[in-house]
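Chain residues, written in single-letter form:
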Amino acid sequence: EDKVVQSPLSLVVHEGDTVTLNCSYEVTNFRSLLWYKQEKKAPTFLFMLTSSGIEKKSGRLSSILDKKELSSILNITATQTGDSAIYLCATPGRDQGGSEKLVFGKGTKLTVNP
Amino acid sequence: GAGVSQSPRYKVAKRGQDVALRCDPISGHVSLFWYQQALGQGPEFLTYFQNEAQLDKSGLPSDRFFAERPEGSVSTLKIQRTQQEDSAVYLCASSLKRYMNTEAFFGQGTRLTVV
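First to last, the sequence lines map onto chains A and B. Just so we're aligned: the first sequence equals residues 1 to 114 in my numbering. Just so we're aligned: the second sequence equals residues 1001 to 1115 in my numbering.
Keep in mind that the hints were calculated from the coordinates and are not lab data. Careful: at least some of the hints might be erroneous.
To be verified - Below 20 angstroms or equal to it, Euclidean Cα-Cα: the simulated EDC-like pairs (lysine to aspartate or glutamate) are:
(1) Lys1097/B - Asp1063/B
(2) Lys40/A - Glu1044/B
(3) Lys1057/B - Glu1/A
(4) Lys57/A - Asp83/A
(5) Lys37/A - Asp83/A
(6) Lys67/A - Glu15/A
(7) Lys41/A - Glu1103/B
(8) Lys1097/B - Glu1052/B
(9) Lys40/A - Glu1103/B
(10) Lys1011/B - Glu1103/B
(11) Lys1057/B - Asp2/A
(12) Lys106/A - Glu1044/B
(13) Lys40/A - Asp83/A
(14) Lys1078/B - Glu1068/B
(15) Lys56/A - Glu1044/B
(16) Lys109/A - Asp83/A
(17) Lys106/A - Glu1/A
(18) Lys41/A - Asp83/A
(19) Lys109/A - Glu39/A
(20) Lys1078/B - Glu1103/B
(21) Lys37/A - Asp17/A
(22) Lys1097/B - Asp1024/B
(23) Lys106/A - Glu26/A
(24) Lys37/A - Glu1052/B
(25) Lys41/A - Asp1063/B
(26) Lys67/A - Asp83/A
(27) Lys3/A - Glu1044/B
(28) Lys1078/B - Glu1052/B
(29) Lys37/A - Glu1044/B
(30) Lys109/A - Glu1068/B
(31) Lys109/A - Asp17/A
(32) Lys57/A - Asp1063/B
(33) Lys41/A - Asp1024/B
(34) Lys41/A - Glu1044/B
(35) Lys37/A - Glu15/A
(36) Lys106/A - Glu1103/B
(37) Lys106/A - Glu1085/B
(38) Lys57/A - Asp17/A
(39) Lys106/A - Glu15/A
Using the sequences and the hints given, assemble the complete structure.
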């Protein structure tokens, strides 16, 4: 069964700190790995990593895919209070019906204190 | 519309009551997904529509859960005889591409509390 595991589940840091969030996956026919930021309720898309795009960067956020280790990390440098959120990692699973449902990890709850 | 719209935002139901949750996807989006997110958990897949066809309902937890998208646009998730374990946030997502959930856009969700 497809599975995504994130660590840590919770993290508290001070503004300005750098954090690294971890995601490991087990999936048949890996195609991509996605990171989302969830504030309040709606997850918003951050990055998609694939075999042809294993590193992505946007401002203070960056993510790397390690296909050998079946894992990914999300780095946030110079954290700000606005980075406080739940960060979700997901990968498309596929069942016999052919739909591309996302399999999510439990998320990492990041709290950035001023 | 500009984004995926879900209503109501909050719903409190007495145990045993039926509820209906609505999702209005982005116009023209072919794919529509429903997820259930319990407190402290990641979203879990419920069901998937491609236009009006429900192609995957393997995640629906029981026969009390029913979803439809009759005209290939708005979708409704219905839960009959609600139980306390149904309390969760129900997220809807839509995507332009067929069979692709990558970069799907999520709605704000409906928080259901069963008392």
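Hint check:
no. : hint                  : in the structure
1   : Lys1097/B - Asp1063/B : violated (29 angstroms)
2   : Lys40/A - Glu1044/B   : holds (17 angstroms)
3   : Lys1057/B - Glu1/A    : holds (17 angstroms)
4   : Lys57/A - Asp83/A     : holds (16 angstroms)
5   : Lys37/A - Asp83/A     : holds (9 angstroms)
6   : Lys67/A - Glu15/A     : violated (31 angstroms)
7   : Lys41/A - Glu1103/B   : holds (17 angstroms)
8   : Lys1097/B - Glu1052/B : holds (14 angstroms)
9   : Lys40/A - Glu1103/B   : holds (19 angstroms)
10  : Lys1011/B - Glu1103/B : violated (28 angstroms)
11  : Lys1057/B - Asp2/A    : holds (17 angstroms)
12  : Lys106/A - Glu1044/B  : holds (10 angstroms)
13  : Lys40/A - Asp83/A     : holds (12 angstroms)
14  : Lys1078/B - Glu1068/B : holds (8 angstroms)
15  : Lys56/A - Glu1044/B   : violated (26 angstroms)
16  : Lys109/A - Asp83/A    : holds (10 angstroms)
17  : Lys106/A - Glu1/A     : holds (16 angstroms)
18  : Lys41/A - Asp83/A     : holds (15 angstroms)
19  : Lys109/A - Glu39/A    : holds (10 angstroms)
20  : Lys1078/B - Glu1103/B : violated (26 angstroms)
21  : Lys37/A - Asp17/A     : holds (18 angstroms)
22  : Lys1097/B - Asp1024/B : holds (17 angstroms)
23  : Lys106/A - Glu26/A    : holds (14 angstroms)
24  : Lys37/A - Glu1052/B   : violated (29 angstroms)
25  : Lys41/A - Asp1063/B   : violated (26 angstroms)
26  : Lys67/A - Asp83/A     : violated (27 angstroms)
27  : Lys3/A - Glu1044/B    : holds (11 angstroms)
28  : Lys1078/B - Glu1052/B : holds (16 angstroms)
29  : Lys37/A - Glu1044/B   : holds (16 angstroms)
30  : Lys109/A - Glu1068/B  : violated (33 angstroms)
31  : Lys109/A - Asp17/A    : holds (15 angstroms)
32  : Lys57/A - Asp1063/B   : violated (44 angstroms)
33  : Lys41/A - Asp1024/B   : holds (16 angstroms)
34  : Lys41/A - Glu1044/B   : holds (14 angstroms)
35  : Lys37/A - Glu15/A     : holds (18 angstroms)
36  : Lys106/A - Glu1103/B  : holds (19 angstroms)
37  : Lys106/A - Glu1085/B  : holds (18 angstroms)
38  : Lys57/A - Asp17/A     : holds (18 angstroms)
39  : Lys106/A - Glu15/A    : violated (24 angstroms)
Violated hints for the displayed structure, listed by number in ascending order: 1, 6, 10, 15, 20, 24, 25, 26, 30, 32, 39.
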